[in-house]
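Following the hints, position chain C against chain W.
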Amino acid sequence: MSIYEWLFNPSGLTPHGFCLLWAPGLIALHAASDAIIGLAYFSIPLALASFAAQRKDLEYSWVIHLFVAFILACGTTHLMSIVTLWSPAYGIEGIIKLITAMLSIATAAILWPLIPKLVALPSANQLKGLNFQLSAKVEEQERTAHLLRESEKQVRLSNTELERRVEERTAELVAANARLSQALEQRDLLLREVYHRVKNNLQIIDGIVTLQARRLSDPEAKSALQGLRSRLYALGLVHQQLMSSSDLKTFDVFPFLKELSENIVQGIGDRETKLSVRAIPLDVGLDFAIPLGLLVTELVTNSLKHAFPDGGGNITVALNRLGDGAIALVVSDNGTGYDVPEVSKKTVGLGTALIDGLVSQLKATINVRRANGTVSEVFFARHEAV
Amino acid sequence: MTDLQKSVLIVEDEVVIAMGLSVQIEDMGLIVCGTADSADTAVVQASMHRPAVVLMDVRLRGDKDGVDAAMVIHQTIGSRIIYITGSKEQATIDRINLDHPFALLFKPVSGLQLHATVSNAIQSAMREA
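Line order of the protein sequences matches chains W and C.
This note's numbering applies: residue 1 is where the first sequence begins, and numbers increase by one.
This note's numbering applies: residue 1001 is where the second sequence begins, and numbers increase by one.
So that you can see chain W by itself, here it is in the shape it has in the complex:
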């Protein structure tokens, strides 16, 4: 028996209708029911397949396809039942049933373990709820973003305001600075004017003294007035130095000492007297320079008057810094030497009294000694200088 005959017409077997004795009612009932079931079993999987095709996002869509295959197979077994009513093709019917059996058992076997996973899938309602929550969240975020934008706007605004205020304040400061510089300039101008006036007044006094001296015949009186002139000169010179100083408060001591000493030596001394002036670089102010200038005037005048009875000689004026930071003024000559009267005595001259007073004003100490002439040393602390 060939395989074809085994499939479609096994010999010795009768069609199924024979078992039903070809009763027309039964044949029609079986054939019609199987046809309707078969058609329905063909329609259902097609619908499922169409659904699966359209919903591409479905999870476990392969299960649907398994169902499609299983139901299609079931439908085919029913159509085969119609065929076997009239034809004994039990071979092929059995094979189709075998396929159906395998598909159905596979589906049944796979479905049970799949249940918990399918249950775990979110339902439409759950998704709706989630969607609602999500929308709420999105809305909230939009509100927050809006607030953020608002506050950003505020920040920008206050930033602008801040910048404006800074600009305003800067402008105010610049203006205040300008006013201050102007005031400072005014002050400098005024100070210069004051120094100028002081100097001019001293020059006027000097003029009067000069005129007065000319009318005197007493040599002692004339000499006293000459002494007064050299003291006036010291005061005037301090103001002259101040006027040309950059800060209008202090000036370097060396040019001052040099000019001052030269004036005295040229004014009283003869041409044989040699003067040398040395000084450390030191900025001095009015309060120090005036007593210092007067002191130098007295000491140099003393040397000129007493040291060289025969004319000629050397005078040295020096301002030195000592090891401990203190400063020493040294006025020395190489003359015959002279007695410095004790200040305590009533009979001292004006020069000596002035020297004593000036030394005490400067909080200094004085030491006069003989050393190849006369050496007068005045020591003061550094902080007294400026």
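These aren't lab readings, by the way, just hints derived from the structure by calculation.
All figures in this text were calculated on a predicted structure; none of them were measured in a lab.
Note that the Cβ used here is the ideal one computed from N, Cα and C, for glycine as well.
Please note that a few of the clues may not be correct.
Pair ranges (Cβ atoms, derived) [what the hints assert, rightly or not]:
#1 Arg187(W) x Asp1003(C): 44 to 52 Å
#2 Asp1003(C) x Gly357(W): 23 to 31 Å
#3 Lys222(W) x Gly1062(C): 34 to 42 Å
#4 Val1015(C) x Asp283(W): 33 to 41 Å
#5 Val1015(C) x Gly311(W): 36 to 44 Å
#6 Asp283(W) x Ser1119(C): 33 to 41 Å
The following block gives chain C in isolation, referenced to the frame of chain W:
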């Protein structure tokens, strides 16, 4: 300009200072031909007396200063100009140097300084004369 007189004109707006200077000049054996307290009178006095030397203050009465007067006197008469100024400011010194000063003395001026400078100026002027 060969007829300069051996005399000194003093231009100074402070009378006492002018008097003091006069005495010192006279003590040198020189003649003070006059004193002026403004730039204009200085120019008038200078053309009247033709002094060899002019002692010139910078600040004077009136709008013009000593430099104005000195420039005119230097050009028309040829006197030696000795400036005596109270100011050591650079602006003033620059202005003085616009002219051709014979010398520049700063107040306070010592007697000997004045003596030496005036002597030199007189000698310079007389040599030319």
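Going through the hints against the structure:
no.: 1; hint: Arg187(W) x Asp1003(C): 44 to 52 Å; result: 51 Å, holds
no.: 2; hint: Asp1003(C) x Gly357(W): 23 to 31 Å; result: 56 Å, violated
no.: 3; hint: Lys222(W) x Gly1062(C): 34 to 42 Å; result: 37 Å, holds
no.: 4; hint: Val1015(C) x Asp283(W): 33 to 41 Å; result: 37 Å, holds
no.: 5; hint: Val1015(C) x Gly311(W): 36 to 44 Å; result: 38 Å, holds
no.: 6; hint: Asp283(W) x Ser1119(C): 33 to 41 Å; result: 36 Å, holds
Hint 2 from the list above is the single one not met by this structure.
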